[in-house]
Every structure is written in C-alpha cells, then in structure tokens.
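Participant: These are the residues of each chain, in order.
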Amino acid sequence: MERALRVLNDMEHAGVLGRYAIGGAMAAVFYGEAILTYDLGVFAVIKPTEGGLLSLAPIYAYLRARGHTERDECVMVEGTPVQFVPVYNPLTEEALARAREVDYAGTPTRVLRAEHLVAIAVQTGRSKDRERCGLLMRGGNVDEACLRNVLDRHGLLARWHEWNPSLRR
Amino acid sequence: MEPVPPEIARLFEASEERRRKLAALPWPEKVKMVVRLQQMAAPILRARGIHVHPWELDEGEPPPADAAPSVG
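Taken in sequence, the protein lines are chains U and L.
For the first sequence, position 93 (counting from the first letter as 1) is numbered 81 according to this note's numbering, and the numbering increases by one without interruption.
In this note's numbering, each residue carries its 1-based index in the second sequence increased by 38.
Simulated from the structure, these hints should not be mistaken for lab results.
We put the CB at the ideal spot given by N, CA and C, even for glycine.
Reference listing, derived: stretches of chain L covered by chain U, where coverage requires no fewer than 3 residues with Cβ under 8 Å from a Cβ of chain U: (1) 54 to 60; (2) 68 to 74; (3) 84 to 93.
Calculated lysine to any residue pairs in the SDA-like style (CA-CA distance at most 25 Å, straight line): (4) L:59 to U:152; (5) U:116 to L:73; (6) L:59 to U:92; (7) U:116 to L:63; (8) L:59 to U:88; (9) L:59 to U:118; (10) U:116 to L:87; (11) U:116 to L:82; (12) L:59 to U:89; (13) U:116 to L:80; (14) U:116 to U:141; (15) U:116 to L:66; (16) U:116 to L:76; (17) L:59 to U:125; (18) U:116 to L:67; (19) L:59 to U:132; (20) U:116 to L:75; (21) U:116 to L:89; (22) U:116 to L:91; (23) L:59 to U:-10; (24) L:59 to U:129; (25) U:116 to L:79.
Produce the entire structure from the sequences given, and follow the hints as far as they go.
Facilitator: Shown next, in the form of structure tokens:
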C-alpha cells in the first residue's frame, strides 16, 4: 500500500489528481480493527472537463501510461486495487477538506475523519455501512459532539437516531 | 430479556477487550492483517465464483504473521 500511496502523492503533485484522502473500509481500519476489504477507496477532487463533467479518464490515462492496469471499477496501482471516488456532494466535499494528515510507514497521506466516515456511512445507508458505523463507534475514536454537528448540518440525524441504539452492542 | 450469566458476560468483555487491542495496533500492522484476511478469504470467494485479488505487500515489508486476526 505504501507504494500505491507514493503514486497517489505523485499524481497530486503533478496536478492529475486534486486533493485526495483515503475513505471507505481502509480508512475504517485506520480507526478500528482489521476488516476484510479488497480495494483502497480514495476520495478525490476531480477537475471537471470543459463541458463541466466529472471524468476519471485523465487519471486512468495517467496510470495506464505508467503501466497500471484497470480491473473492474479499480486501477491496480503497485499491486493495490485503487477505487477513485470523486467527491459528489457537500458532505463528501467537507470530509475531504477536513481529512487528517497521517503517515503510513513513512509516507504522508490523508484519511477521512472518523466522524465523516460515520456520516457518509449513514448517508449511504447500506447494510455494510451500518456495520461500519458500529465498528467505528466501538473503536472509541469518534468525537460524539463533532459527529452530531456533522449529522445535523447534513440532515442525517433522523437516520442516525434510527441506527444508533443497535450500534454499540 | 433474561440477564446474561456473569461467566458469559466476562467472555464477552474479554472479546471486546481483544478487539479494542486489535483496533489500537499501528495502521501498517492492521493493513498486514487485512492482507492476511484477503489471502484467507480468496479461495473461499473464488470457489463461489467471486474473483478477488489479495494485495501485494510492499518490498521489504515482512509477510503478515501466521496468527490471523480475530474476526469474531
């Protein structure tokens, strides 16, 4: 994963990729216990095309030119399947803007904050997101006042109240 | 709802404590555990027709320990 992160940092420095941060399951692993996942989810600012569309084509072209191959919805970057997710709404934009600067085995990178991971999971709403919420809440790294603030601002408190009682078991 | 017997409650507490310790490990250690989980799950998933690819560990990175993380 370290080599994949170096490639992501190179892409950011080269301007191919806007600001990026790790999200999804691997970000949950940063805060909690190891869980099974097969891809590295990367939230990123993607520059729109002249027509205003968000396209991953320039990213894929950059990586393809350097020998990284596409596989399903991911690109194999140094042996790690990376899934690029353009920030797609105000919550993910805020999550990326406030991502934590961290270090992975000597390589700088960013990880979405635990409170934003929970909020994104609540917003996405699949059963696996609910499980991830439980994992993050049990991990003890969630600032509950901060989480409540994020959920409130993004209209997610009702669903959170629906989910919350079962998440601590 | 019937209360959980104290000896069973202690088992649950011990399990939770182990999970807290696993969660507190350094991130690279946990990533190695994820790779080990991927390696363990891949044959089962492939047998079910789901094609997955365990990650390659970085050069110089020791392989994950034989002891698999608890997933319970």
